[in-house]
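2 protein chains.
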Amino acid sequence: MSSDRKCVSTDDRIPIGARWARIKRGVGLGLLSAAVVGVVTAIAAESAGGLKLPASFRHWYHVNTMVIDKGSPLFEAMGGMHNVYINSTGESALKKGEPYPDKTVLLVDLHEFTISDGSTLEGPRKATAIMLKDKKKYAPTGGWGFQAWAGGDPTKPLVTDPIKQCFECHQAKKDQDYVYSTYIP
Amino acid sequence: MSSDRKCVSTDDRIPIGARWARIKRGVGLGLLSAAVVGVVTAIAAESAGGLKLPASFRHWYHVNTMVIDKGSPLFEAMGGMHNVYINSTGESALKKGEPYPDKTVLLVDLHEFTISDGSTLEGPRKATAIMLKDKKKYAPTGGWGFQAWAGGDPTKPLVTDPIKQCFECHQAKKDQDYVYSTYIP
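Chains as they are written, first to last, in the working numbering: chain A, 1 to 185; chain B, 1001 to 1185.
Looking at chain A on its own, in the form it has when it is part of the complex (with noise of 0.2 Å):
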């Protein structure tokens, strides 16, 4: 179990809650200055392992959405609707249940979203987070390599830390292979 109570708090209720709560310990969502992308953008390349923004996500697997909203501790972090996404080579082990393969990529596409009337309705995107497989290249976090981009920038790079900034949090769920999100049917 993760040591941040932030995760703890909420580890049996949200599928991929915790996964970005601490990337506002590097550098929180929308509070980014343009000066402070450059040098992040330097360090999140060589930390994070190079990992790439996938062009075509929306083209793939939806496997399933969450909203974070205000009542949330989470929602300073990572609050909005998260709509997240597999790529083929994941999917199966997804259904079953099993451990991902390399190369698998989840995708949490973050959205803003507004209330009005009783209804969630999804809004412009406020960042894109991925996490990769690779059980070699990324062995001490679980096998998965971490990144998060502004507004789903390439160029804006989020996550200088991947072990304080994701893995703390994804090591609570390690019996899912440190994965929050679980198979809907």
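Treat the hints with care, since some could be wrong.
Using C-beta positions, here's what the derived DEER-type ranges look like [what the hints assert, rightly or not]:
| id | chain 1 | residue 1 | chain 2 | residue 2 | range |
| --- | --- | --- | --- | --- | --- |
| 1 | A | Lys137 | B | Lys1164 | 25 to 35 Å |
| 2 | A | Gly50 | B | Glu1112 | 15 to 25 Å |
| 3 | A | Thr114 | B | Ser1088 | 25 to 35 Å |
| 4 | A | Ala55 | B | Gly1151 | 34 to 44 Å |
| 5 | B | Lys1052 | A | Arg58 | 47 to 57 Å |
| 6 | A | Lys96 | B | Pro1154 | 17 to 27 Å |
Not close to chain B: a few residues of chain A, all C-beta gaps over 12 Å, as computed [to be verified]:
| id | residue |
| --- | --- |
| 7 | Gly50 |
| 8 | His59 |
| 9 | Gly97 |
| 10 | Thr141 |
Don't read these hints as lab results, they were simulated from the structure. Glycine residues also receive a C-beta, built at the ideal position from the N, C-alpha and C atoms.
Put chain B on the given structure of chain A with help from the hints.
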């Protein structure tokens, strides 16, 4: 504009909100007895033009997601998490905001949801609904055929009167080819 108060009141705020607002007049979601299902099956197949539930929609393009909660006047008829997909035929028209070509299918995969600690989480499927474009065949309903299935079960169609249950609300979106959803990059 529709004469249905529920449609009018939410017209400018809900992308696909009014889609099934009148389903409850025919057969309310979750209220079908086994006996009713049998009768509805026979009627719906004829009245909705023999529309079939697509087998592979989870691999289609995910258009957007919307959540209708208890605070919405649409909750009784279509409360839940609406995951909207489109087949490849209609994808270009969606992105360009143009009229949809024949054989376009827009699909709503309606799921239960729970709210816990500020997070809205997707649950099991409640129903699946489609609109299929065929300008000639479905001319009385704007060129669209409508059908929905309880629990996503192809033996449990819900639409017996597509004009009253579907089209009267979709008329309000005539300028969008009767489609509530729009492209969210």
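Problem set entry | Structure versus earlier hints - violations, ascending order | Hint check: 1, 2, 5 and 8 fail, others pass.
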